[in-house]
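Novice: Take a look at the letters that make up each chain.
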Amino acid sequence: MGTETLVRDILPLAYRAFGGTMRGKTLLQKRLYFISVILGLDLGYDPHYYGPYSEEIATINAELKSLGYLSESVSGWGVDQRGFELARHDFALTAEGNRLSERKARQNPELVQAVENAARIVNEAGNLDYMELSIAAKAYYILTRLGRKATIAEISAMLPKFGWSVDPEELEKATSFLTKMHLVQQG
Amino acid sequence: MKLKTTTPIPMVLEVLERAEPILAEFSEPVKAHHQAKPAILCKQRRSELFWQMSEPRSVRDPIHGFIRLSGEEADIVATPVFQRLRGIHQLAFAHLVYPGALHTRFEHTLGVFHVTSLMAEVCDLPPEHARLVRLSALLHDLGHGPFSHVSEGALDIFADREKLRGRLNPKNPEKIHELVTQDVLRTDPSLLHILGKRTLSQIESLLSSGYEEPVLKSIVSGPLDADKQDYLLRDTYFCGVKYGVFDLQQLHREFEVVEDPSEGQKILMISSDGVHALEQFVLAKYYLTAQVYSHRVRLITDQMVVRAISLGIEDDGIEDLKSLYAYDGDEAFVSNYMKWNDSRFMLTFGGDDHKGKYCHDLVQRLSERRLLKQIFESRVSQLPEVCRERIRRISEKENRSVRRELETRIAAVLQEAGVRLECGLEDPSKLVIAHSYSLKSVRAQSRNDEGPIMVHTVPNPTPFDQASDLFNSIQEKLNDPHFAVYAPVAYENPVERRQLQSKIKEPIIGSLEDFGNGN
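For the protein sequence lines, the chains are A and B, in the order given. Quick note on our numbering: the first sequence kicks off at 1 and runs consecutively. Quick note on our numbering: the second sequence kicks off at 1001 and runs consecutively.
There's no promise every hint is true.
[Claimed, not checked] Simulated DEER-style distance windows between Cβ atoms:
1. Asp46(A) to Arg1060(B): 40 to 46 Å
2. Asp1315(B) to Gly147(A): 52 to 58 Å
3. Gly1166(B) to Asn108(A): 28 to 34 Å
4. Pro109(A) to Gly1418(B): 41 to 47 Å
5. Gly1166(B) to Thr5(A): 21 to 27 Å
6. Pro109(A) to Glu1319(B): 46 to 52 Å
7. Asp46(A) to Leu1102(B): 37 to 43 Å
8. Arg1198(B) to Thr21(A): 52 to 58 Å
9. Val1458(B) to Ser75(A): 21 to 27 Å
10. Ala153(A) to Arg1167(B): 58 to 64 Å
11. Asp46(A) to Leu1347(B): 44 to 50 Å
12. Asp129(A) to Leu1164(B): 44 to 50 Å
13. Pro47(A) to Arg1167(B): 35 to 41 Å
[What the hints assert, rightly or not] Distance condition first, Cα-Cα at most 30 Å in a straight line; then the derived DSS-like pairs of lysine-lysine:
14. Lys65(A) to Lys1477(B)
15. Lys104(A) to Lys1397(B)
16. Lys1505(B) to Lys65(A)
17. Lys1397(B) to Lys161(A)
18. Lys1397(B) to Lys65(A)
It should be emphasised that the hints constitute simulated quantities derived from the structure, not laboratory data. These numbers were taken from a predicted model, which means no experiment stands behind them. Just so you know, even glycine gets a beta-carbon here, dropped at the ideal spot from N, CA and C.
Same shape as in the complex, but just chain B:
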């Protein structure tokens, strides 16, 4: 009777796995004894060895109301690696435009967890799969560094790809932050205690390539995933805009899990009646991307952060920055990385220790909202034909030296036009930033794949882009590339700004044409 009340058999199996790291600290004979008789170990030492599971909790959330967590889930939320997310703003410096946008990865993750739970119910997942997707939702953002997605740009630039060769997915080699998340899942002792190696390994699979049924991956990462559903509603709320609103309940009503006849696996689709609900969701995503994520000031601040990191590592030689972004898969990297959040970054690199450095200058500008100014902006299709392809790709990490060359040219153009660069450092041209982007690329910083959405029609499913003209128009807008130049210039009012922009427009276009011709 005693055995029945303490631990049912499947629980024992899970528990044994959790014992592994603790066993590692025992002497060899003790380890051998326990490994030979694991069941006895569990009965005798359970209370000493294992994490005490908390009571289920409810957390009040401004978007979703009460979010209910099981004891296991509450334990995860209580871990230091999860609590760290409180220090990472969801939208980096968007609060410089939308003062309310101070929400963090912490509450977003809880929201994603909640939406995932709803989707697991709608999709009628079996309990073990429902548990796995819920846990994956809780753990999916642990690899975020200071300023959320902005960090990813720096990780991509400075990661040691030689050392990571075996771990990079050839189809998606740029997603370094996902490797960081994997490392956290593999090495964090508190997560290991709560979930055990086997569960963590299943979560790792689900978050990267997928696990068992494709529908599970679709819930945690895909065009209809819980992440998007939460961030649209949450970012809308905290930015104080109305663009990202959609009918969550209606969308969920239209989800259908359909068996793929070719693979015999379950896929998430939208019902044919749900096309309009999906259009509303897609529109919400588009408007929020266009109005918030691609806001001029947000693009400038993101670029300033990445430039501060690049100059800090390459020109200022700041070792702390290098060890924060030169990811090599080493355990020491992750252990250091997990100690950083937004405010530590700002205090460290904006502090007096680094005065006189480019990085310090940019961080101070961000602190005081003395931002670089957008002095030139154009759709790439309006630029001279000969330079469009090069300009379109100027912000890709492979083109960093070409980008630098272009920025030096533009700085020279500004100097010739008598425009003063407001920077007291040796080479002000380093603060001139040439940036190419599309709305899609701004949003693609999110970790989720943007695969095709299928509408469940008979006899065959229909891709959403064939079922919705509206979607096609939006896709076009999202793909439309833009080019902008940011620089440390000053003007007093909008009239002066327009005068400056019109004065330098033609010289910059001329220099882009020369650049395209390779002159």
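Extracted from the complex, chain A is given alone in its bound form:
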């Protein structure tokens, strides 16, 4: 199955598993990233300045919206230090989107079970916001790139190499989240 086809099937199921909404594009990307890691699926993630990012997820999410399966609301947060407007794009399944996800769930009972389990693992590991999830994704990405055990200090030292800067306390919270998901172990 191609990445795009897989994303088409998984995305409505992921919305369903997370209660039908995603608050922000970053949260959507990072939640799906951890689902892909837990299930060992290729959902098209590549390294990116804002952590792992999947063009396929972004594209299919936009497609679901254009087909009327998702609604979008944008909330402005003002302006950042560079003068760019900060905005959060929230998405929610519409009534038609709910019908689509139910239909997909009936068609793929195994996949829906797997996605729901993965979503439960992500939720139970900690109710992280989009920023915290993003830090966890970066930390996990660095660990997989290193391919060996690393201390938080080592991970912290690696971050600037990727153009990222993260507070050590936030990094600690992120590693605790990864540990709870059984993606990393301390020792």
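Model the placement of chain B on the given structure of chain A, informed by the hints.
Specialist: Chain B in isolation, oriented as in the chain A frame:
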């Protein structure tokens, strides 16, 4: 002294490579002798063996003014494979809507070459990299078949993917025409003479996966590449519209080459002050896509060409068509492919030899501008919920049999409604075309990747979609899927057209709903 004036040492190394195909024709003892003493071979036989490099040339172009070519570049332009591009229209049948749009891949390629040269200067590339991107720009479109991107649809359908398995990129398996370009670079004797194997192999890498610094790939293929910059300005000019205009110089002023801290490689970005210049470029691309590339008549003619090829191969059994589109990576395929252009296609398949065939019928319609008519059109989001996903993907090559099934249903709906299909052939329903597209998919026929554009901000770069709300709105428009049905019907005037469309609207929606439900 003599040695110094003839060939400096690096040139000798390059030259030796060019000697390879010629050496292959020598007898074994001679070959062994020359291979053992290559430097002597170069000194003694240089004038006999090697292409005489032309003088630098300047070519006048309506978009960019004078385009300057080095001797090496002028030699490439003079090759038969490059000259063939004069016979391939840049916008296929867009001239049926915009009569001026008769420009070809030839002048577009020269334009891309020129913009690439400007970008190489702006990005301050070292001379060897600048040479490589300039040459890549000249060679990037050699794999185009008749009617440019329209051919790609047919290549995608009929390519022998089993035979090509080792060569297809799993992330981008559909780009068959790029493999054709690679084959041309590997096998064309005149290019081999001029550039040598090593340079051609570097160009091949640059055009496919990239070569050394990512900035090089960004110039030849990417969201800010020279190809887009030229085609927007050129297509705007020749179509006689004003939509695709943007400030090329300003955009170039805002380019910055930034080192990626994670990989230590150089990436092309736009400065934070350049967001508005980039927005103008993105808007130009959007307007031209919406008004020209996605023009109703252009979509119809593109679909007619692809359908003519499909029916010609599968129903009419035309061998010439099969050998033109059933790409299998064989050298014979490329050698045949390079002999075709737009007019040969029209004359061959619209000729009397093929009279009475579906392919002939469609080609003749294109020739005489008796086009299929759009009898139904809707945003996919306005169709019954149950069929949207299937309809959205109906034009994908994996769904050809499902598409055929839908077209047969629609033909039956038309028949029930008393609409006559104007086609003298056995099964007129084969000329009913159901087509799903978005503006993005129309433009994505271009070979360039549409990766994220980064804005150079401190401390971290910002993706352009986060820096520009305008860009987000445009992306939404580009992704919005549409569905249309084209058929061989006739009406005398707009009133009759509207009557026909309103008569069949509800029956077609009903049949789409049944189709979505699997009934």
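Novice: Next step is simple, just say for each hint if it's right about the structure.
Specialist: A quick look at each hint next to the structure:
Against the hinted window of 40 to 46 Å, the Cβ-Cβ separation of Asp46(A) and Arg1060(B) comes to about 43 Å, which satisfies the hint. For Asp1315(B) paired with Gly147(A), a C-beta distance near 55 Å keeps the hint of 52 to 58 Å intact. Judged by the Cβ atoms, the range 28 to 34 Å given for Gly1166(B) and Asn108(A) holds: they are separated by roughly 32 Å. Distance hint check for Pro109(A) and Gly1418(B): the Cβ-Cβ separation is about 46 Å, which falls inside the suggested range of 41 to 47 Å.
Hint check: Gly1166(B) to Thr5(A), Cβ distance near 23 Å, so the stated range 21 to 27 Å holds. The hinted window of 46 to 52 Å between Pro109(A) and Glu1319(B) holds, with their beta carbons roughly 48 Å apart. Checked against the hint of 37 to 43 Å, the C-beta distance between Asp46(A) and Leu1102(B) comes to roughly 41 Å, which is consistent with it. Take Arg1198(B) and Thr21(A): their Cβ atoms lie about 55 Å apart, and the range 52 to 58 Å holds.
Here the CB-CB span from Val1458(B) to Ser75(A) is close to 26 Å, well matched to the stated 21 to 27 Å. Between Ala153(A) and Arg1167(B) the Cβ separation comes to about 45 Å, which falls outside the hinted range of 58 to 64 Å. Evaluation of the 44 to 50 Å hint for Asp46(A) and Leu1347(B) yields a pass: the beta carbon distance comes to about 47 Å. Look at Asp129(A) against Leu1164(B): about 46 Å separates their beta carbons, and that is inside 44 to 50 Å.
For the hinted restraint 35 to 41 Å between Pro47(A) and Arg1167(B), the CB-CB distance of approximately 26 Å leaves it violated. A C-alpha spacing of about 11 Å is found between Lys65(A) and Lys1477(B), which places the hinted pair at or below 30 Å, so the restraint holds. Using a Cα cut-off of 30 Å, the hinted pair Lys104(A) and Lys1397(B) holds, with the two alpha carbons roughly 22 Å apart. Only pairs whose Cα atoms come within 30 Å are accepted, and Lys1505(B) paired with Lys65(A) is accepted, the gap being roughly 25 Å.
Between Lys1397(B) and Lys161(A), the direct Cα distance comes to roughly 42 Å. Violation of the 30 Å bound is thereby established for this hinted pair. Annotation: proposed proximity of Lys1397(B) to Lys65(A) holds, straight-line Cα distance about 24 Å (limit 30 Å).
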